[in-house]
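Since the structure of chain A is provided, determine the placement of chains B, C and D on it from the hints.
As given, the protein sequences belong to chains A, B, C and D, one line each in that order. By my numbering, the letter at position 156 of the first sequence is numbered 156, and the numbering carries on one by one without gaps. So my numbering is basically just the index in the second sequence, starting at one, shifted up by 330. So my numbering is basically just the index in the third sequence, starting at one, shifted up by 429. So my numbering is basically just the index in the fourth sequence, starting at one, shifted up by 979.
Some hints here could point you the wrong way.
Between beta-carbon pairs, the in silico distance windows are [to be verified]: (1) Ile1186(D) <-> Glu450(C): 38 to 46 Å; (2) Gly1142(D) <-> Ser506(C): 29 to 37 Å; (3) Leu921(C) <-> Leu1183(D): 39 to 47 Å.
Just so you know, these hints were derived from the structure itself, not from any lab. Computed from a predicted model, the values in this text were never measured in an experiment. Think of the CB as a built atom: it goes at the ideal place given N, C-alpha and C, for glycine as much as any other residue.
These are the residues of each chain, in order.
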Amino acid sequence: MEADFELFPAQASTIAPLVDGVFWELTAVTAFFTVLIAVMIMVFAIKYRRRSQELPRRIEGSLRLELFWTIVPLVIVMYLFYHSTSVYFTMITPPADAMDVYVVGRQWMWAMQHTGGQREINTLHVPVGRPVKLTMTSQDVIHSFFVPAFRIKQDVLPGRYTTLWFQATRTGKFHLFCTEYCGTNHSTMRGTVHVMEPRDFELWQESQADGSLAAEGRKLFLKLQCVVCHSADARARGPVLEELYRKDVPLEAGLRATADDNYLRESILNPRAKIVAGYQPIMPPYEGEVTEEQVIQLVAYLKTLGRGQTPLRVEATQPPAAYRAPEPPK
Amino acid sequence: MIAHATPVKTYCLIFGGLLLLTGLTVAASLAPLGGLHTLVALAIASAKAALVLLYFMHLADSSRLTWVVALSGLLWLAILIILTMSDYLTREWWRVTDG
Amino acid sequence: MSTVLTPEAAEPKPDAVRPREHYLNVRFGIASWLLTVDHKRIAILYVVGITLMFFVGGAAATIVRVELMTPAGDLVSRDDYNKLFTAHGIIMVFFYLIPAIPAVLGNFVLPMMLGARDLAFPKLNLLSWYIYVAGGVFTIVALLAGGIDTGWTFYTPYSSADSHTHVIVTALGILIVGFSSILTGLNFVVTIHTMRAPGLTWFRLPLFVWSSYATSLIILLGTPVLAITVVLLAVERIWGVGIFDPAIGGDPLLFQHLFWFYSHPAVYIMVLPAMGVVSELVAAFSRKNVFGYHFIAFASIAIAVLGFLVWGHHMFVAGISPYASLIFSLISFLVAIPSAIKVFNWTATLYQGSVSWQTPMLYALGFIGLFTIGGLTGLFLAALAVDLHVSDTYFIVAHFHYIMVGGTVMAYMGGLHYWWPKMTGKMYPEWWGRFSAILIFFGFNLTFFPQFVLGYQGMPRRYHEYVAEFQILNVMSTAGASILAVGYVVPLIYLLWSLGYAKDAGPNPWGATGLEWQTPSPPPTDNFAKTPVVVNPPYTFTAKEAEVVG
Amino acid sequence: MSAESVHHDAHHDAAHHDAVEGQAAAPRSPQAGHSGAHHPALAHHFDSLEQQQEAQSLGMWIFLASELLFFGGLFTVYTVARWAYPEAFAFASGHLVLWLGTLNTVVLLTSSLTMALAVRASQTCELRSLRGYLVLTIVLGVVFLGIKMTEYYLDYREHLIPGPMFSLAGHELPDPLPGGTREFTRHVELYFWIYFTMTGLHALHMIIGIGVLGVLLILARGGRYTTGYFAPIEIAGLYWHFVDIVWIFLFPLLYLIHHGGAA
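Pulled out of the complex, with its shape left as it was, chain A reads as follows (with noise of 0.2 Å):
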C-alpha cells in the first residue's frame, strides 16, 4: 500500500493471477480488433478519399464476409465464456480447510471478529498462505467488500450473509475498499488488510486475545438462556444443537434444510420461519434483541458444540417467556 504508482495491480492472491489471465486474454483480444478496425477505417479513409465526383460502384455485401465476422467472434467469445466461467468458480469456492473471518459492514466502517475472539476495525490481519473465508452481513445498507490485489469483491448485504474467500501469496498491506455507494462518507469506508507471515500472525492473534468468539457465543448461550430449552437433557424443548453444524436438518411438512452460516442466522432471528419436524413453534424471534455481532458469535458457538458440550442448565433460571401473544395495535 506504498502510495507509488503501479500501473497494474499488485497480485497477491492465489485468484489474482487467474483473474488477470482472464483479463490479459479480453485485453488482447480488445486490442487486436480495435487495432484492426482503427487501422482499417484509416486505410480505407486515406485510400478510398474523394478525389473526384465520380460515384463508387454499388457494393451489396458478401455473404461469406457476414458469416465469417459472426462465426470468429462467436468462437472467440465462447472460448471467453468458458475460461472466466472456470475461473468464476474457483473464485466462489471456498476450500474446506480456510479460516473464519466474519465482517459486519456500517455505514461507515468494517467490523471484523476472529474465531479466536479478535475484533478489529478497517483492518483484517490474516496469515499469508492460507485460505482464508469472509462471512459478511450488513447492518444498514448495502456495502462491497473489495481488495484490489486479491482481486476479489462481493456485495455486503443487509439480512444475510454473503461470503468470500482468498488466500494471500504475498505479506504487506493491501487496500480494503467498500465498492457499493452506501451514502455520505462512501469514500472513507477503507481499511487495510495486513497479510502477515503465519509466525507474525501467531503472534498478534496472541496479543490480542480475548474471549474467543466462540466463548463469547457461550456466554450469551446461557445469558439468552437458550440453554433452558435447548438442553440435551429429557426436558429439552427444543432441538438438541450439539454437532448440528453443516448437518441436513429434517424441518416440517418433509422438507430438508441444512444448517448452514444463513440457517443458523435465520434460525436466531426468526426461527419460526423453518421449524425443526416433531418440535412447537415456541422459540421467540431473537431480531431487534441481538446484534448482528452477537448473532456471529451465537453461530460461531454452534459451530463448535459438540457432542455433550451442551452446558448443564441451571436450575433456577426461567424459560423465556415462549410465546408471545399478538401485540397490540401500534
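Coordinates of chains B, C and D only, in the frame set by chain A:
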C-alpha cells in the same frame, strides 16, 4: 358486408363462457386440489383472457402484426418474471458444504 | 434511395416578392411554437430542452472532475459531491442520452425519411414534449431544493430507508419523463408501420429507421417497468412497507432486478439510434450503399431483443445465484455478436468508397473507433471472473462513457451537423466543425482512457476522496475533461452563429440519399408537396444527385 | 362508400401488407392522393381513413402491450413476495370478501360484453343502441368501482390499510405461525400493500376508461360516428377489454389463494 360485425349471439356465448369459467375458478379454489390451486387458477384465468382477447378484442381476425404486438407484450412479461425467478429459485442451490 | 423526383424538390425559383414558405417562417410568435403539432418544430423544441440539460449535466461533471484532481476532498463537501455525481447521472441519462437522438433527430427526419407528412399522432408528439419538460422541471426543482444523493441507480435500501434527500420528487420526475419516451416510441412504431411512402418497403428503409424501430421496441417494453419500480420505491419510502428493504421484510435485489430490466436495455435505447445515425453518415460520406444492409438491420432487432436478457450482469457481485449469473454471463457474451457485425459492416462500407472528411463523417469514424473499444470492454463485464474485480470501479465508468459519450454523444453531434442544413437551411462553418470534432475526440480519450487503468487498479466509483497512488491518472482525466468541455462549447457558439450569418445550404448539400434530402431546406410544413414514390433500393446514388455544396 | 366496405378494406389492407412482411407494398398507395374530398374525421397527415384507422388501432395495441409491462412490474413483485411468504399471503387473502370479489368479476365481464356490443353497434351504424350500450358500460364500470370502494371501506374498518394504522389485532393468527408475530404482520401488510396498489392502479384505469367512454358518448350524441368512422369507439373498446383482462388475473391471484402456502 355485415359479415365482419360479429353476431350478437357469438358475444353472448363468449360471455356465458366467461361466467362459467368464473364460477369454475371460485369452485376450484374451494376444492381440495393439493398443490395445484395456483396452476388451475392461472390456467382458467388464461382461458378467460384468451376469450376476451380473441373475440371481444377481435384478435382472432386481426392482422398478424396485431398478434405480434399482443404476444410480445406477454413474452416480455414472461422474460421479466422468469429471469427474475431464475435467481431466487436457484440461490439456495449453491451451498459450499464440503467443510 | 432515389425517387420519382417531384418538381418541387429542386431548388425553388427565386421569388422576388417574398421568400419561399417553410416550416420555420410559416407562422411566428411564441404560441405558434408552443402549440405546434409539426414534428419538425417539436424537434426544435427538444433541441432547446436537451441542450439545456446537457450543459447542466456537464457542469455537474466538470465540478466532479475538478474535485478529483486531488486525493483529498477539498473543493466541495462529501454530501455535495454525492449530489453532484447523482445529478450528473440522472440528467445525462434520463434527460439527455435517452431522448437526444430519437426526440431531436428522429422526430425531425423520421417522417421525412418515410415520405410522410408527419408522425402518426402529432398531438401526442407535442404532449410528449410537454411531459419531458414537466419531468425536467420536477427534477431540476428537486436539485435546487437540495438535491439527491443516491446515485442515478437509486439502490435500496439506501434510497428507500437511509437517504435524507429529495428521492421522491426526483423519482417522480423520472416517472414522468418515462412517459414522454413511451409516447415517442409509440409514435415511431405506428408511423413506421402505417405511413411509409408508396414503394418504400421494409428493406428500402434507411437504417436509421430500422434502428429507431428497434429503439422504440425497447422503450415500449422496458420503460413501464422502470415507472412502476420508482413508484414502489417512493411508496416504500413513504409508508415503510417492506418491498426492497430487508430490515422490514423486503429484498434489495428485487429492486435491482426491476431497475436493470429497464436500465440495461436503456443502454441500447441510447446507442441503437446512434448506430442508425452512423449508418446514414457512413453511407452519405462515402457515397456508397451500406455494406451488408440486411445484417445491420437485423442486428438492430437482435440487440433490442437480446438486450432484455442480460440485465443480471449488473448484479454479479450483488449476491444473486451463481446459476443465474451463468445464464446472464452467457447471453451477455452473445449480445456482442450483433454489435460486432455492425462495426465490421460500417468499416467494409468505406472500402472502394468516395470518402469525404467532412465534420459529420469525422464524428462517425470517431464513433466506430470509440464504440469498438466501449463494446469490447463490455466483454470484461460479461466475463464473471473479471467482472468481480472491476465492477463498481472506474473501469465501469470508463466503459459506459465510451458507449454513451464516445457512442451516443459523438453520433448525436455527427447527426446534428449532418441534418443541420436541413433543419435550419444554413451550413455550419466547416473548419470550426472539424476543429471541435477533433478536439472532442482527443479530449474524450484523454478523459476516459486513464479511467480503465484506474478501475483495474481498483479505484471505486463514486469516491469523493481516494488514495494517493490514484492521483496521476485522475489528473490526466481531469485535463482531458477540460478539453472535452471546450469541445462542446465551441459547436454551441458556431451553430448559433450559423443561424444568422452562414450561407444557405440548399436542399441536398451532401449529395446524400434519403427522402429527407428530396425536399427543400428547410422543408415546408407538409414536408413534401407531393407524396414521393420510391422505386430504388436504399442508398442508391445517381450521378444527378452527386452535386456537393460546401 | 358504406361503413361496411370501409371496415372491410381496412382489414384487407392490413392483412395484406403484413402477411408478406418486408416484400409487400408499402401501406400507402400512390393513388391515395392528398387531394380530393376529405372525410371530416380524416387528419391532414393521413392519406385515407383506412390508414388513419389502422394507425390508431395499432397504436392502442402497442400502448396496451406497454401497459402490460407496467402491471408486469407489480406481478413480478407479487410473484417474489408470494414465493417468499406463502403463509402470510394465504392468510391475508382470506380476509378479502370472496363474494364481493366474485360479484365484481361478473360486473366487469358484463361491462366487457356491453362494450363489445357498443363497438358492434358502431360498426353497423346503429346509433341508438351504440349510445345505449355506452351508457350501460359506464354504469357497470361505476358499479364496479362502487363495490371496490365498499371493499376498501371494509378493509379500512378492519385496520388492513397498510401504514401506521395497520394491525392484525383482533384477527386470529394461524397456528403455528411462520416467523414471529411482528414479521408475520409485516408480510401480511406487504400483501395488502400489493393488493391496494394493484387494485388501485386497476381502478385508476377504470376511472380513465369511464372518462373516455363519457366523452365518446357525448360525441355520439352530437352525431359523430354516423358515417362509418368508428375507430375511436373501437380503440376505447380495446382499452376497456384490456382493463378487464388485468382483473381476470388479479381476481384469482388476490382473492383465491387462501389454501395455505402449499401451492
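Range hint 29 to 37 Å (beta carbons of Gly1142(D) and Ser506(C)) holds or violated: Given a distance of about 35 Å, which is inside 29 to 37 Å, the answer is holds.
Distance restraint hint 38 to 46 Å, applied to the beta-carbon atoms of Ile1186(D) and Glu450(C): Because 45 Å falls inside the window, the suggested range holds.
Verdict for Leu921(C), Leu1183(D) (Cβ pair) under range 39 to 47 Å: holds (42 Å)
Comparing the model with each earlier hint shows no violations; every hint is respected.
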